[in-house]
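Under my numbering, the first residue of the sequence shown is numbered 1, with each subsequent residue one higher.
It is worth saying that the hints were derived from the structure and are not from the lab.
Mixed in with the good hints there might be a few duds.
Said to hold, decoys possible - With a straight-line Cα cutoff of 16 Å, these simulated EDC-like cross-link-like pairs (lysine to aspartate or glutamate) come out:
1) K63 to E44
2) K27 to D80
3) K30 to D61
4) K63 to D80
Said to hold, decoys possible - Per label pair, the in silico range of CB-to-CB distance:
5) V23 to C76: 31 to 41 Å
6) P26 to Q69: 27 to 37 Å
7) D96 to T31: 16 to 26 Å
8) G37 to D115: 29 to 39 Å
9) P111 to E44: 12 to 22 Å
10) R122 to S97: 31 to 41 Å
11) S113 to D35: 30 to 40 Å
12) D35 to D115: 29 to 39 Å
13) V23 to Q121: 17 to 27 Å
14) P26 to D96: 26 to 36 Å
15) G95 to S64: 19 to 29 Å
16) I38 to D114: 30 to 40 Å
17) G95 to Q69: 32 to 42 Å
18) V99 to G37: 24 to 34 Å
Just so it is clear, the structure is predicted and the values come from calculations on it, not from any experiment.
Positions of the beta carbon are idealized from the N, C-alpha and C atoms, including for glycine.
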Amino acid sequence: MRCGVWYPVRASAGSRFHANHAVGIPKPFKTWPDDQGIFAVSPETGFGRMNELRAVINIIDVKSEAFYQSDDLLRCATADLGGARSFVAVPMLAGDSLVGAFTIYRQTVRPFSDDTTRLAQRFAA
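Take these sequences, add in the hints, and give me the full structure.
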């Protein structure tokens with residue numbers, strides 16, 4: 001089992017980001033954001049929901065959501081290149097402004113606990 005951490009940073013107002021740092025993720029997924037440059041997130045992805053709600057988003061199984069069947073590039077890269085199954089997105093806020101995020105995922109279906117997400121929020125603060 002692998003667990004990856006990815007630190008996207010907001011590139012502009014709205015839903016455009018670029019990846020700043022990644023740890024523990026497969027090489028194809030690590031290079032995907034570099035190849036994309038600045039990328040948009042759709043509101044249906046975990047990252048897009050986090051962007052919209054400014055809240056932690058915890059997805060039990062990325063591949064079980066209906067949205068996985070879409071052709072969304074970020075969702076496909078996360079699930080197929082990264083092997084993500086359980087996923088959590090944690091916003092990094094400056095006041096009310098989203099300045100970045102970090103995402104953590106597992107390659108097995110094992111939801112992140114409330115304690116884990118609280119700890120992740122402390123790192124994001």
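Hints, one by one, checked against the model:
no.: 1; hint: K63 to E44; in the structure: holds (13 Å)
no.: 2; hint: K27 to D80; in the structure: holds (12 Å)
no.: 3; hint: K30 to D61; in the structure: violated (21 Å)
no.: 4; hint: K63 to D80; in the structure: holds (9 Å)
no.: 5; hint: V23 to C76: 31 to 41 Å; in the structure: violated (21 Å)
no.: 6; hint: P26 to Q69: 27 to 37 Å; in the structure: violated (22 Å)
no.: 7; hint: D96 to T31: 16 to 26 Å; in the structure: violated (33 Å)
no.: 8; hint: G37 to D115: 29 to 39 Å; in the structure: holds (36 Å)
no.: 9; hint: P111 to E44: 12 to 22 Å; in the structure: holds (19 Å)
no.: 10; hint: R122 to S97: 31 to 41 Å; in the structure: violated (19 Å)
no.: 11; hint: S113 to D35: 30 to 40 Å; in the structure: holds (33 Å)
no.: 12; hint: D35 to D115: 29 to 39 Å; in the structure: holds (35 Å)
no.: 13; hint: V23 to Q121: 17 to 27 Å; in the structure: holds (18 Å)
no.: 14; hint: P26 to D96: 26 to 36 Å; in the structure: holds (35 Å)
no.: 15; hint: G95 to S64: 19 to 29 Å; in the structure: violated (35 Å)
no.: 16; hint: I38 to D114: 30 to 40 Å; in the structure: holds (33 Å)
no.: 17; hint: G95 to Q69: 32 to 42 Å; in the structure: holds (37 Å)
no.: 18; hint: V99 to G37: 24 to 34 Å; in the structure: violated (19 Å)
The structure shown violates the earlier hints numbered 3, 5, 6, 7, 10, 15 and 18.
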